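Enquirer: Given next are the chains, with one letter for each unit.
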Amino acid sequence: MTYIRNAWYVGSWSHKLEAGVPLAVQILNDPVVIFRTQSGKVVALADRCSHRLAPLSLGRCEGESIRCMYHGLKFEGDGSCSEIPGQDLIPANSRVRSYPVIERHGWIWVWMGDTDAVDEELIPPIIGPDEGTYLLGKGDIDYQAQAYLIWDNLLDFSHLGYVHPTSFNSTETWGETRPVFTPLPLGVRADRWVLDQPPLFGDQRSDQWFTYDFLVPGILILTTKTFPVGKAEEFGMTTPPDDAAWIQNSYSAHAITPLTDGTARYFFTFGPHADGGTEAGRDAFLELAFTAFAEDQTFIEAQSRIIAQSPGAQIMPTSADKGITLFHRLTDKMIKAERESKLEPAA
Amino acid sequence: MTYIRNAWYVGSWSHKLEAGVPLAVQILNDPVVIFRTQSGKVVALADRCSHRLAPLSLGRCEGESIRCMYHGLKFEGDGSCSEIPGQDLIPANSRVRSYPVIERHGWIWVWMGDTDAVDEELIPPIIGPDEGTYLLGKGDIDYQAQAYLIWDNLLDFSHLGYVHPTSFNSTETWGETRPVFTPLPLGVRADRWVLDQPPLFGDQRSDQWFTYDFLVPGILILTTKTFPVGKAEEFGMTTPPDDAAWIQNSYSAHAITPLTDGTARYFFTFGPHADGGTEAGRDAFLELAFTAFAEDQTFIEAQSRIIAQSPGAQIMPTSADKGITLFHRLTDKMIKAERESKLEPAA
Amino acid sequence: MTYIRNAWYVGSWSHKLEAGVPLAVQILNDPVVIFRTQSGKVVALADRCSHRLAPLSLGRCEGESIRCMYHGLKFEGDGSCSEIPGQDLIPANSRVRSYPVIERHGWIWVWMGDTDAVDEELIPPIIGPDEGTYLLGKGDIDYQAQAYLIWDNLLDFSHLGYVHPTSFNSTETWGETRPVFTPLPLGVRADRWVLDQPPLFGDQRSDQWFTYDFLVPGILILTTKTFPVGKAEEFGMTTPPDDAAWIQNSYSAHAITPLTDGTARYFFTFGPHADGGTEAGRDAFLELAFTAFAEDQTFIEAQSRIIAQSPGAQIMPTSADKGITLFHRLTDKMIKAERESKLEPAA
Numbered sequence: 003m004t005y006i007r008n009a010w011y012v013g014s015w016s017h018k019l020e021a022g023v024p025l026a027v028q029i030l031n032d033p034v035v036i037f038r039t040q041s042g043k044v045v046a047l048a049d050r051c052s053h054r055l056a057p058l059s060l061g062r063c064e065g066e067s068i069r070c071m072y073h074g075l076k077f078e079g080d081g082s083c084s085e086i087p088g089q090d091l092i093p094a095n096s097r098v099r100s101y102p103v104i105e106r107h108g109w110i111w112v113w114m115g116d117t118d119a120v121d122e123e124l125i126p127p128i129i130g131p132d133e134g135t136y137l138l139g140k141g142d143i144d145y146q147a148q149a150y151l152i153w154d155n156l157l158d159f160s161h162l163g164y165v166h167p168t169s170f171n172s173t174e175t176w177g178e179t180r181p182v183f184t185p186l187p188l189g190v191r192a193d194r195w196v197l198d199q200p201p202l203f204g205d206q207r208s209d210q211w212f213t214y215d216f217l218v219p220g221i222l223i224l225t226t227k228t229f230p231v232g233k234a235e236e237f238g239m240t241t242p243p244d245d246a247a248w249i250q251n252s253y254s255a256h257a258i259t260p261l262t263d264g265t266a267r268y269f270f271t272f273g274p275h276a277d278g279g280t281e282a283g284r285d286a287f288l289e290l291a292f293t294a295f296a297e298d299q300t301f302i303e304a305q306s307r308i309i310a311q312s313p314g315a316q317i318m319p320t321s322a323d324k325g326i327t328l329f330h331r332l333t334d335k336m337i338k339a340e341r342e343s344k345l346e347p348a349a
Numbered sequence: 003m004t005y006i007r008n009a010w011y012v013g014s015w016s017h018k019l020e021a022g023v024p025l026a027v028q029i030l031n032d033p034v035v036i037f038r039t040q041s042g043k044v045v046a047l048a049d050r051c052s053h054r055l056a057p058l059s060l061g062r063c064e065g066e067s068i069r070c071m072y073h074g075l076k077f078e079g080d081g082s083c084s085e086i087p088g089q090d091l092i093p094a095n096s097r098v099r100s101y102p103v104i105e106r107h108g109w110i111w112v113w114m115g116d117t118d119a120v121d122e123e124l125i126p127p128i129i130g131p132d133e134g135t136y137l138l139g140k141g142d143i144d145y146q147a148q149a150y151l152i153w154d155n156l157l158d159f160s161h162l163g164y165v166h167p168t169s170f171n172s173t174e175t176w177g178e179t180r181p182v183f184t185p186l187p188l189g190v191r192a193d194r195w196v197l198d199q200p201p202l203f204g205d206q207r208s209d210q211w212f213t214y215d216f217l218v219p220g221i222l223i224l225t226t227k228t229f230p231v232g233k234a235e236e237f238g239m240t241t242p243p244d245d246a247a248w249i250q251n252s253y254s255a256h257a258i259t260p261l262t263d264g265t266a267r268y269f270f271t272f273g274p275h276a277d278g279g280t281e282a283g284r285d286a287f288l289e290l291a292f293t294a295f296a297e298d299q300t301f302i303e304a305q306s307r308i309i310a311q312s313p314g315a316q317i318m319p320t321s322a323d324k325g326i327t328l329f330h331r332l333t334d335k336m337i338k339a340e341r342e343s344k345l346e347p348a349a
Numbered sequence: 003m004t005y006i007r008n009a010w011y012v013g014s015w016s017h018k019l020e021a022g023v024p025l026a027v028q029i030l031n032d033p034v035v036i037f038r039t040q041s042g043k044v045v046a047l048a049d050r051c052s053h054r055l056a057p058l059s060l061g062r063c064e065g066e067s068i069r070c071m072y073h074g075l076k077f078e079g080d081g082s083c084s085e086i087p088g089q090d091l092i093p094a095n096s097r098v099r100s101y102p103v104i105e106r107h108g109w110i111w112v113w114m115g116d117t118d119a120v121d122e123e124l125i126p127p128i129i130g131p132d133e134g135t136y137l138l139g140k141g142d143i144d145y146q147a148q149a150y151l152i153w154d155n156l157l158d159f160s161h162l163g164y165v166h167p168t169s170f171n172s173t174e175t176w177g178e179t180r181p182v183f184t185p186l187p188l189g190v191r192a193d194r195w196v197l198d199q200p201p202l203f204g205d206q207r208s209d210q211w212f213t214y215d216f217l218v219p220g221i222l223i224l225t226t227k228t229f230p231v232g233k234a235e236e237f238g239m240t241t242p243p244d245d246a247a248w249i250q251n252s253y254s255a256h257a258i259t260p261l262t263d264g265t266a267r268y269f270f271t272f273g274p275h276a277d278g279g280t281e282a283g284r285d286a287f288l289e290l291a292f293t294a295f296a297e298d299q300t301f302i303e304a305q306s307r308i309i310a311q312s313p314g315a316q317i318m319p320t321s322a323d324k325g326i327t328l329f330h331r332l333t334d335k336m337i338k339a340e341r342e343s344k345l346e347p348a349a
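Chains as they are written, first to last, in the working numbering: chain X, 3 to 349; chain E, 3 to 349; chain W, 3 to 349.
Check each hint, because a few of them may be wrong.
Pairs of lysine to aspartate or glutamate, DMTMM-like flavour, derived with a Cα cap of 20 Å [claimed, not checked]:
#	chain 1	residue 1	chain 2	residue 2
1	E	K76	X	D215
2	X	K324	E	E85
3	W	K43	E	E85
4	W	K76	E	E85
5	X	K335	X	D215
Hints are computed from structural coordinates only; laboratory data are not their basis. The structure presented is a predicted model; accordingly, all values stated were derived computationally and were not measured.
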C-alpha cells in the first residue's frame, strides 16, 4: 500500500503540544519532530539532525528554534541550520526537511508532500472539540495494523451489527441494508436510515439517520440523529430537514494517520450536540467509543496478522464494499497523478 | 526445510475442543480455524474469511456453520459460503479452504495436502489416552524452533545421558551404544536394550527395552519395558516376549506439528501400563516428562538460535544419526514425489 | 558497516570468567564460547558443535576440554574433536574453529581474524584495573546500536557540553573548541585543554587537560588531569609536564565490541590516580560514569533507530568530526587490505 503524500495528516492533538516540549512521531514512515515555539507557532521538522542523524526530538527548544542536544547544531522552523558550534561555515546540506504544518480544529496537521502543492483548503471542514456546536470528548488509539485497514472498516458500517452488538447496541440491520454512497471530489459520502433501532442510551427505539464524509487522507466526519420511529418514512427516507426535532444528535471526527507501513494512530472526537448535551453525556459517549473502538481494534489487528501470514491472499469485495471501492479508486488515481507529476520536466 | 503436506498433522487435543468455541492454530504456516459443530463434528477451515481476510476464529459457531463476526459471512463445514448479509449472490470465490479432519486417539488430525490424496489409513496406530491399556497423562509445549529439530532429537536418543542424566536418570550408555534402526514404509523403527540401568523411580536397577516407531509427519510411538538385570541376555538381546513379566512398562505418543517455519507445538502422552499402574504413577510420569522435555527445549531452542546466527553452517552426522538420516531420506523422497505429482498433467 | 577482523576484541572481563563455567558471547556476529580450563588457560571456540550445531556454551568443561552436552562430543582448546561417543572415527570436519585468545589488563582479548596474522603486539597498552597506578572501577553496558556509533561518540567529545552538562559538569566550551588530532599507526590521538571549567567533584574550577588514544578495533585510553586555572597558559597550551602537580588525575580505558551488526558491548574502567585516590573516590567516579554513559546510550540508541528509519540518509561531517574521519579512513584502509590479502594467491 502506498499512501498519498500531498495531503494533511494529523500528527498530534493541539492540546498535547506544550510549548518547548518536542514531540516525536512517525508519519508515512518519516521520523518527524513537532514542537511549539516560544511565540506559539507550531513547527514540524525531519526528526533527524543533518549532522549525525540523531533525533531532534531529544533536543532543546530555544525560542523559535530547536537545538540538537547531541553536538549542538541549531535549526530554525524552516529547517535551516543557524548554528554549528565551533564552526563558522554553515554548509547547504545542513538543512533538514521542514514540513508545512497547520493547527486547526484541535489537531496539528502536517503536509507530507511537495511544498509546491501545499493547499490549506485541503484541511477537511471538521468541527473541532472547542468549537461549541457539540460537546466532544477526545481519544486516540495506537494500532499494530495498516492504516488503510482502519479506513476500510470505517467505509463499511455493515460490521456494526457483528462487531458492536452490545457496545453500540447495533443490530444486523446494518449488514442487511446498504447506505447511499456519493463520490466526493476528495472522498466518499455515505447516507442511510436505519429503522426502528435500539438506542445508544436508554430504551427508546428510534429511526436513525447516519451521514458521513470519508475524506483524503483518512478522515471521517460523522453526524448521527435519531428520531421517533416512523419519522424516516415521513421524511421520505432521505436527509431529514435541518430543523427537524431529533431525540439524539451526535458528532464524531476521526483521523487515522499511517505511522509506518504497518502501524497507525487513530485520533477521534465524539459527543452529543450542545443543545441538551451535558458533560456527563459527553463522557458517556467517549467511554462507549473507547469500548467499541477496542472491538474494532481486535478485529483489525487480527486481520493484519492473517494478511501477513497469507502471502497472495486476495480480498473478495461484496456489495457492502462500495464505499471502500470508491475511496480506493480515488486514492489510487491521486497516487498515480502524484507519481506522474514527479516525472514531468519542470516548466 | 520443506514439510510434507500430504499427511495428518495434530492440530489440537480432542478434549480441548469445546463445541461452539473456535480454536485458532497455524499448521505449516497456514492459519487454520478448528471448531466442533453443534452435532459434534469437527471442522477445519482456512482461518481467513474470503471477504476481507479477517480470522474466522474470531467468529461465531452457528449449528454446523461458522459466521465471520466482522461483516457476517457464514461458512459451512465444506468451506462453502452460505450467506453474505445484504447480498443474494454468493460468488464462487467466496469459498474458503476446508481441511479434511479426523478425531482419533484423543487428537484432532488435520490433512494439510491435496484432498485427492486423503487417506485415513495414514493416521498412525497410536494408543490414545482413553483407550485403556495405559494410564496416560497429557501435555503440550510450544517451541521457538523448527519442528524438524525436535524430530531429530527424538530420532537420536544418544542425547539422553547428556541432556537427561537427572530427570530420566539416563546414563552415558545411551551415547556409547546404538539401537537397531529398521526402515518402515512411513518411518523408522528403533529397538534397543540398555543394560543394568538405574530406574526412573525407586532404586531397582534393570535391563531396559526401548522400542519406538517414528512416523511421518513427526509422530513418535514409544514403549519401554524394564526387566530384572540379566533378562536382556536371557532374551537373546532381542525383542522380549510379549508375555515376559516386566518391572515397569510405559508408553508415550508424541506429535510434533510445525506451526510455522520456525515454531512448533509438541503434543504428548506418557504413562504406565494399566496393570499395576495408578493415577499417582501416571502423574509422576507426566511431571517427569515435563521436566525432561524442558531440558530438551533449552537445547533445541538454543540450537535453533545458533543455526540462525550461522548462515552456511553444515551438520556433521555421526553414527548416532542413522535414524535421522533414514527418516530425512524418506521425507525428502516423499516431498519430491509430492512436487512431481503436481507437475503431472491431470489424466 | 564492516569491521576489521584481524584485531583483538574484548570478549569478557577476566574476573568474570570462572574456571569451568563456559561463557556465551557473540563477536562480529560469530557465536563464541569462552571458558577457563582446569589449568587456568582461557580458550575461545566457535559456540557451535560440529555435529548438530548446538551451542558448546551449554556444555560441560572437563579438564582442558569442553564437552557438548547434547550428544557428548568433546573438544580440545585447539578446536579439535577428541571424542565422539559410540564412534571410533573422528572425521576431519569434526573440528570447530578456535580463536586465539589472550588474557591481559583485566580483559579477555579474542582474535577474530586469520590465525596467520595473529600479533600479540596489537593488544593496546592499557593500564589494567589491577595494575596499581590508578584505582579503577569496572563497568559494562549492552547497547542496542551499532558499535561504530559508540566509537564515533568517543571520537568527538564536542557532545560533552550537550549530553553531559550535569553528570560530568561539562560546558559548551567542549563544542566551541577543538582538540588537536594526531594520526597514529593504529588509531588517532586527541589532546586538548579546556580552560576554567567546573570540576567533576567539589567546586574548585580548573584548567583541564584531556588526552586520549582511540585505537583499532574500538579501544579508548583516556587520561585527564586538572590544574589550577591559568596553568594551561603557563604550560604553553600544550602537554603538561609529567611532574606537574595536578588537582585531579583520572584514567579510563574503554573497549567497545561489536556483538552483531546492530548490537555492542561496552566495557570500561574509570577511576582516580592511586596518589591521593581512595576506594570511595573510585566508586564515585564509577557511579558518575554509569550516569553519563546512560546519557550517551539514550542518544546513540535513538540515533540507531533513526538511521534504521531513514534509508539513504547521509551524515554531514562538521569540523568536530576530524577524529571520526581520520579513524574511519584508517579502518576502511585496513578492511580493504584484509580483503585484498584474501584474494592473493598463497606464496
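Enquirer: Indicate, hint by hint, whether the structure satisfies it.
Expert: Evaluated hints:
1. E:K76 x X:D215: Distance of about 30 Å is beyond 20 Å: violated.
2. X:K324 x E:E85: With Cα atoms ~18 Å apart, X:K324 and E:E85 stay inside 20 Å; holds.
3. W:K43 x E:E85: Not satisfied, since the Cα-Cα distance of roughly 74 Å exceeds 20 Å.
4. W:K76 x E:E85: At roughly 65 Å apart (the allowed maximum being 20 Å), E:E85 and W:K76 break the hint.
5. X:K335 x X:D215: With Cα atoms ~19 Å apart, X:K335 and X:D215 stay inside 20 Å; holds.
When held up to the earlier numbered hints, the structure conflicts with 1, 3 and 4 and fits the remainder.
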